[in-house]
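Protein chains in written order, with the working numbering: chain V, 1272 to 1737; chain E, 755 to 1741.
None of these hints come from the bench; they were simulated from the model.
Be aware that a few hints might be false.
Here are a few chain V residues that face chain E, going by a calculated C-beta distance under 7 Å [to be verified]: (1) P1352; (2) V1440; (3) A1445; (4) S1447.
Here a beta-carbon is modelled for each residue, glycine too, at the ideal position from N, C-alpha and C.
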Amino acid sequence: MAQNVLPVKMNQEGMPDTAVIGPGHNITSVTDKIASIVLTEKTGIVWVLGFLVAAAGAGMLLMSLSYLVVKGIGIWGNNIPVGWAFDITNFVWWIGIGHAGTLISAILLLLKQSWRTSINRFAEAMTLFAVACAGIFPLFHTGRPWLAYWLFPLPNTMGVWPQFRSPLVWDVFAVSTYATVSALFWFVGLVPDLATLRDRSESKVGRVIYGLFALGWRGSAMHWHRYETAYLLLAGLATPLVVSVHTVVSFDFAVGILPGWHTTIFPPYFVAGAIYSGFAMVITLAVPIRYFYGLQDFITMRHLQNMAKVMLVTGLVVAYGYGVEAFMAWYSANNYEGFMVLNRINGPYWPFYWALIACNIVIPQLLWFKSVRTNIPMLFVLSLIINVGMWLERFVIIVLSLHRDFLPSSWGMFRPTFWDFSTFFGTIGLFLTLLFLFCRFLPMISIFEMRTMVPGKRVAEGEHAH
Amino acid sequence: MTTGKAFWRTLDELADDPSFRERLYNEFPSEVEAISDPTTRRTFLKLMGASLALAGVTACTRQPEEKIVPYVRQPEELVLGKPLFFATAMSLGGVATGLLVESHEGRPTKIEGNPLHPGSLGAADVFNQSAALSLYDPDRAKTITNLGEIRPWAEFLAMMRATLISQKPLQGVGIRILTEAVNSPTLAAQIQDVLSRFPSAKWHQWDPTSRQHTMLGARQAFGEFVEAQYKFENADVILSLDGDFLGLAAGALRYAREFAERRRPDDAAHMNRLYALETMPSFTGAKADHRLPLKPSEIEVVARQIAAALGVGSASAPSGDAQKFVAAAAKDLGEHRGRSLVVAGESQPPAVHALAHAMNQALGNVGATVIYTEPVEIAPVDQVASIRELTADMDAGRVDLLVIIGGNPVFTAPADVPFAQALAKVQNRVRLGLYEDETSAFCQWQIPQVHFLEEWSDARAFDGTVSIVQPLIAPLYGGRSAHEVLAAMSDRQEQTPHDLVREHWAAKEKQAATSPDFEARWRRWLHDGLMADSAFTPRTVSLAATATAASPVEAAAGGYEISYRLDPSILDGRFANNGWLQETPKPITKLTWDNAVILSPATAEKLRVDQRPAMRGGEHGEILTRLIELKLGNRTVRGPVFAIPGHPDDCVTVHLGYGRQRGGHIADGAGFNAFALRASNGMAYGRGLQMTETGEGYSLACTQYHHLLEGRGIVRAISRDEFVRDPKAMHEGFEAPPRTLTLYPEYKYDGYKWGMAIDVNACTGCNACIVGCVAENNIAVIGKDQVLRGREMHWLRLDTYFAGHETNPETYFQPMPCMQCENAPCEVVCPVGATVHSHEGLNDMVYNRCVGTRYCSNNCPYKVRRFNYLLYQDFTTPSTMLGRNPDVTVRSRGVMEKCTYCVQRINRAKIDSEKQSRRIEDGEIKTACQQTCPTDAIIFGDLNDPNSRVARLQKEERNYAVLAELNTRPRTTYLGVVRNVNPELGE
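Isolated chain V, as found in the complex (with noise of 0.2 Å):
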């Protein structure tokens, strides 16, 4: 084969740029190592002083949460004509950022992936976190969050049922089923795991409560043909969610007739939205965990590289989105959607316009540079200027629509208010506070995927395959 012909590069960490697993693993010190995490090493105070920072900003979410409930949405700054601002805006972008986890283990598991094995796990559980954090935002954006269980069918003596034709009772079901299907993918697939550390646990109580989790897990070869089917099928199952979920999202704008949301390009242009940002989010995890944890071997130069790819592929669609709505306002000739472009172009939120431009179609461009790809700390500031940038297109996306629509009478404007923003950073301080229980609970690496990555295991296998 030529790979085995030709020199290969080291990159500065002493690896190959192709490499998934670094060099000296066997079986043993992988499974030692990732345990180890959970099982052996004490917490750290980083873990401890972050767990606490995180912590206080999921209060902060409760707080937020129960003053709001109390008082009502006027705490926020939302009004007419700005119905919606950041609630949804949180809501589109916590879900968009779940999408990279589904993709990375579901569609890539699919399509053999193999260097997928070392993200897919925090990937699955940032997926599940936003999926949280983001199913805060419809129930409690509602002037009666007490009644928004009426959005579900719900067989009952009042004849309150959804009214189907809403893109908001779509939504209900995209986003529950999503979360079901990401909880039960990410289960499952912990199962081995979690018996690897019922096994290892030097503890009673640790011992009984993975086992408790670990159903049972013995390992037999009837359990792995089983678990392989099952997981396979999960994975079919969530494939398709990874383009419906925010195909429906983008439903609650597309089905609206306001300029700036009534267009047909909006399902793909928010999937590609959705995965740019979930794999900036994957990225901007990935690179303080590697580091904290010394997981180089197992996150290695190549996954980052390869998410560095994703994000500039997907970069692009958006750009190509944006392009296409400026394009067609121009060339439908209609005044309402020419005023639209005009007024996020040159209007008094234009800021927030031209940093969403810079932040998700000039910046990224540097990813084209192996050289700036393969720069940690490059692609971690990268990795958060995306993050922002997705953010600000929600922003732009709904607010900017919104406030100047149909009737310059009714042209208003839209300030976030402290509950606006108390309310979207508790609910990062609770996605935090959830990932460093993970991280200090659960094998944060798959450790028996990890373990057919090691090199001879592979040859192995590929010995088999011949």
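Add chain E to chain V, keeping to what the hints say.
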């Protein structure tokens, strides 16, 4: 005590000294004779015993009747859940408007105009509409107090009697009565009665809402006070000298109707033409075909130029912009002798009014478009002179008893008349007022006044027609009426206002008040809300030599000019505690909760003050502006500037009535006090105003700041000539999709198919529909802070658009209720089916189902949906809860709401018609906005009936749907504007 043993209870009684008799009289005036009359002494003792016993029962105050069981015997005509309507009248500035008040189980809830009344014709203005809220205002004065201590009425009577007795020998030289403009014949007779008993007593008048300049102008023109009544139906050409006859004028409701009737483009040959000279852009200026913005002092100059061209007086030659205008207006007026009309406004000094009278005489309009009668105000006076004289008398210590009936002179008196300081020198100061306000703070006795919905009285309308004011409810807070206070000053202390009014008219009719014949008449008056044929008859007047005399010109002081106006929402501050009015966006400026220093954009630039929409609420909420210091003479106030297009340069307009200190929870702290600037030598406008920027910012709550149409065909207008050539020309460039662009079969609306047509051409922008809608539909008041955030709750808003040049734009008003779209974008997106379509085409809102996603509002292209972001409704104040319309759900927080086409009225009519097995007739249902509209600009009805007015209007060429290109198929459509432009002046 000639027979029997002399029994006595106290030594006082035994001694029978005068002071005992005095005390007794104060307590039981009608029984004082009894005690000394031996034959009725026993009766008296019986009465004493009974009243003592009853006193315990009633606990000193009149208790409202409370029934805790359902009616055992139902009162006649009262069916629970079915409202009754009673006629009454509301007086403002000495002019009454006849009203019909809706009463639910004894609670007045909604006020409408009285269709029989000549000053209403069924319409009502914002002040009439909002009176129901003032009635239930929890901040109203509730108890009689003396120096802040609660006192019984009897103690007040005792004080009054003691004072009167001491004044009796002095002929009442120390007695002063200060009233507002009086248009109640009974009250005037009572005052005259007091004056005849105390010949040296004086009656003063001070009323900033009355038509002082109009009255004084008439006196200057004719040498006596006369009333001018206009006949707009006969006027082909109208010239307004800052005369806002569509806004704040006596008879404005009727004038607006007559004016609009002459502007129906379907009778294009008959359309009138209006020229307006004005300072502050007003309704009248907005409706004018040609408007010339002028500084307040220039209006007289240009008016004299037009007059001179018509051969009245002489004037300098016009120059600049005015040149063409003067020539064209004068020519047009001259060509329409006997069919033209010149109207001057309150914000111009008397000389301009006199000039207008002279012009009308010269044009031969008297008898055709203007008639003269005796004044509606009874005994009008020069009020500035009157209050100045009173102040001088008080200051000199010549006043022992001052009775202030209504008004708020401490707040409203001219700034150079030290009324408040002088008031403190009066020995006995009595105040009858609705609120414990600035004036109450200076008076020892504060007597809560009854609201007009609680009192018996009478009042004259703009044409002299008398209405009996009848109460709709017993006084909520045990108030007293002006009649009672004046009765206390006479020997009729014991008579109720009802008897006083009734006896007054019985005497006038020369009948006994108890005669059956009079009873029949009385009932007829009450039922109709007016006395038929009581209007004044025209009289002849002759011009005095002073008619064309110019206003005294002050030495040119330099600086800016300042024009004072009554606030379009709260007038002189009397309605400052009325949330409905405070939150109603003021015409043109669209400001709420504040007044402002209004000036032109060019002047703002010159002063280096700017304004811009804030991020919070933006153009639909908060406008950041600058505080500016106004200095006139030695008086200064600070107020926020607000530039609007169409205001002339180098002058400012300020609205009076704001800056209240003791006006109630809602009134206090809003705006700045412009009365503090207005001096007696410049009541209409002042010169020599200095303005300095303070560097401080201020937030104004403005509900619409963007007034450009952006080429969107929302309001469509053309000139009359273009309209005659091609009635469809106004729709050029705007398309409506054909109804065939769908695969689905069209829904067939059997039965009724409700629709509405709004004539933008007729709408004068008077806001009455907005307040009428608020009153009918229990719409919440949310306060300035929430308006700043862009969350006002009005179901019906009045969009205002400008077209043309910034210095003098054309102004269009467009009432915007829910369009009730057939393809409603809101309905598809509601996830819980809270907004659904009825089989009659109504877009219904089911509050109970709404979870508040606000998706419907986002998807509404007309943005007519309103969301309860917080708990805006008051669920705790008992008095405000009384005033709600029981037929309309009171919305709690978290639900969306919007215009329903007054579905409660539709359902009431449906029930009535179904009981009689018939269809609802056209015109049987009137929505609240339609009912109160003075110009008949809003027409509601059944589109399935081809003969209904709305169906016919929607077939007119002018008809168009706003945003028809979205294929929403709105049921509310609009009729375009046709301006009767003078070709000589062009657009």
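Hint by hint, here is what the structure shows:
no.	hint	result
1	P1352	5 Å, holds
2	V1440	5 Å, holds
3	A1445	13 Å, violated
4	S1447	13 Å, violated
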